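Could you build the full structure based on these sequences and the hints that come with them?
So the protein lines, in turn, are chains A and B.
Position 289 (the first sequence) corresponds to 289 in the UniProt record's numbering; numbering is contiguous.
Position 181 (the second sequence) corresponds to 181 in the UniProt record's numbering; numbering is contiguous.
It is worth saying that the hints were derived from the structure and are not from the lab.
Please read all numbers here as calculations on a predicted model, not as lab measurements.
Among these hints, one or two may not hold up.
[What the hints assert, rightly or not] To be clear about the criterion: a stretch of chain A counts as covered by chain B if any three or more of its residues have a C-beta under 8 angstroms from a C-beta of chain B, and this derived list gives those stretches: (1) 37–44; (2) 75–86; (3) 113–123; (4) 130–138; (5) 234–242.
Here a beta-carbon is modelled for each residue, glycine too, at the ideal position from N, C-alpha and C.
2 protein chains.
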Amino acid sequence: MREFDLLAHVYRSNVDLPADVAIPPGDDMGAIRLGGQTLLVTVDQLADGVHVDLATASLEQVARKAVTRNLSDVAAMAARPVGAVVAVSLPRDFGDTRATELFDSMRRTAAAFDCPLVGGDIAMWDHPLLISVTVFAEPGEVEPVLRSGAQPGDGIYVTGRLGGSNETLPDHYTHHLDFMPRITLARELAGDAATRPSSMIDLSDGLARDLKHLCDAGNLDADLTIADLPLSDGAHQAARRTNEPAWQHALGDGEDYELLFTAPRSPRIETADVPITRIGTMRPCAGATPAILLHLPDGATCKLADLPSLGWEHHA
Amino acid sequence: MREFDLLAHVYRSNVDLPADVAIPPGDDMGAIRLGGQTLLVTVDQLADGVHVDLATASLEQVARKAVTRNLSDVAAMAARPVGAVVAVSLPRDFGDTRATELFDSMRRTAAAFDCPLVGGDIAMWDHPLLISVTVFAEPGEVEPVLRSGAQPGDGIYVTGRLGGSNETLPDHYTHHLDFMPRITLARELAGDAATRPSSMIDLSDGLARDLKHLCDAGNLDADLTIADLPLSDGAHQAARRTNEPAWQHALGDGEDYELLFTAPRSPRIETADVPITRIGTMRPCAGATPAILLHLPDGATCKLADLPSLGWEHHA
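Pasting the structure below:
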């Protein structure tokens, strides 16, 4: 069973979910009502050998990613982080110095996003490092943007450039470790009626899969113009390595941690130092279930579902 | 480095902790201010082979303990749970049916304590099951009870009976799996000025260690009357198995998940169906650092620090 199916089952079973659960489970963050406040919550795990590799990544990169993966979920809802707790299972031979460095790096990364580390749990065991980070956030003055809400005719946009997040570039930049959660940009977009997204998600499972989540949540089809996909240096490097077109990496690779959103108007943000690119349009659902239509660079069109597997499986 | 030392280091490093962090880290739950509300948060891990053993415990017991361990921390602060998120790393061969059963059991356990499961993360890997649960809570109308706050002369009290939590009793009851978090009782005690504890903690590391936490937090010594310790059936069974006195199990064994608290007055709760026992008295700190003095059943006294090791190491 895929993660999504299992979590969907659990959430469907939540028939006894009280009325003060503000956002139905299944979005980028869960939500509960606390007094008059909405509290948004997200949790993610980072396992050595699955999401990171301690043999090649630095401790600081591992610590950073453990925190930033969650902050990307916060960005996906245009929320503001307020705090974090971490649970860490350390291999027994990890050593005090490295354990301290790991925790210090997590604390510093979280603090840099105004997200103080306020609690934790540490255990030792005979297996690989596993870090679980829970981040909680608040809407502040910005209403959360959900996965549902797209309308037919809305443009489809992404921030940054996509693909090849696993590639280590000549300057040692490795996107899946070194990416920047788009919290500031998301709140700028969502806080202004002129630019507010109608639906939003962060790109963790790959553009194709994550766009499908927006389509499913809004019961809409999507037209995607492949030639318009913004390609990262990593996508080009991956293309040379795999002999697959770079757009295929932009479409299928995961862990971009960029924003994917829909909006009725083109969201020109003059101050944004991150490119925002329109890559398609939402359409009324033509079939029994939402589908994604690809307009390929050679002029042909095909359904995403008819493409041979994009190959990339989410790390876990 | 022990968990406590490492977390203490991290928290000390939190010099940039904003003013809206309401309770200093290091108590049973972390706390932040969210709007006008206090949000309490706790996280705990449950690993197969460390905190539970899937070879002997049922999936339902494992799921239950993953949630109730956290709820015991909520009880320790006399707080009210409002929601939970879980992160689970499953062995690759765990199977869909068992995964579903695990999540359903966690959801049901949480729901039974009015603590809806509002989010989660699932990963697969080639190592044992590891569950990390984060629980959020609010004070409601009851001011949280901290580890600090005990005064000289305060009585020392415990709920329930202590020791031998790992023993499986003839009726198959195994306390460390089947215990009941004392949320209702804690809120009854703390919500009434006549019975309100001056300091409180839940017994996870064993009475001796956890009482030391209260002593350290209040800079006080403690006098403990060993003959007054309420002994569980598990303590007696462990005593027969190990040939050590049962009180030693009540003093040293961990995972009682009962409340340990101090109070200026005897907290008679007529409605409580859980025994509350006075086991000692807080004293002014006589030495350079807080110490625990044991009044042994044979009339002798000795410092806890002079006892040979109590043997029991916390699972992790």
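Each hint, compared with the structure:
1. 37–44: holds (count 6)
2. 75–86: holds (count 4)
3. 113–123: It holds: at least three residues are needed, and the segment 113–123 of chain A offers 9 whose Cβ sits within less than 8 angstroms of chain B.
4. 130–138: holds (count 5)
5. 234–242: violated (count 0)
Checked against the numbered hints given earlier, the structure breaks only hint 5 and satisfies all the rest.
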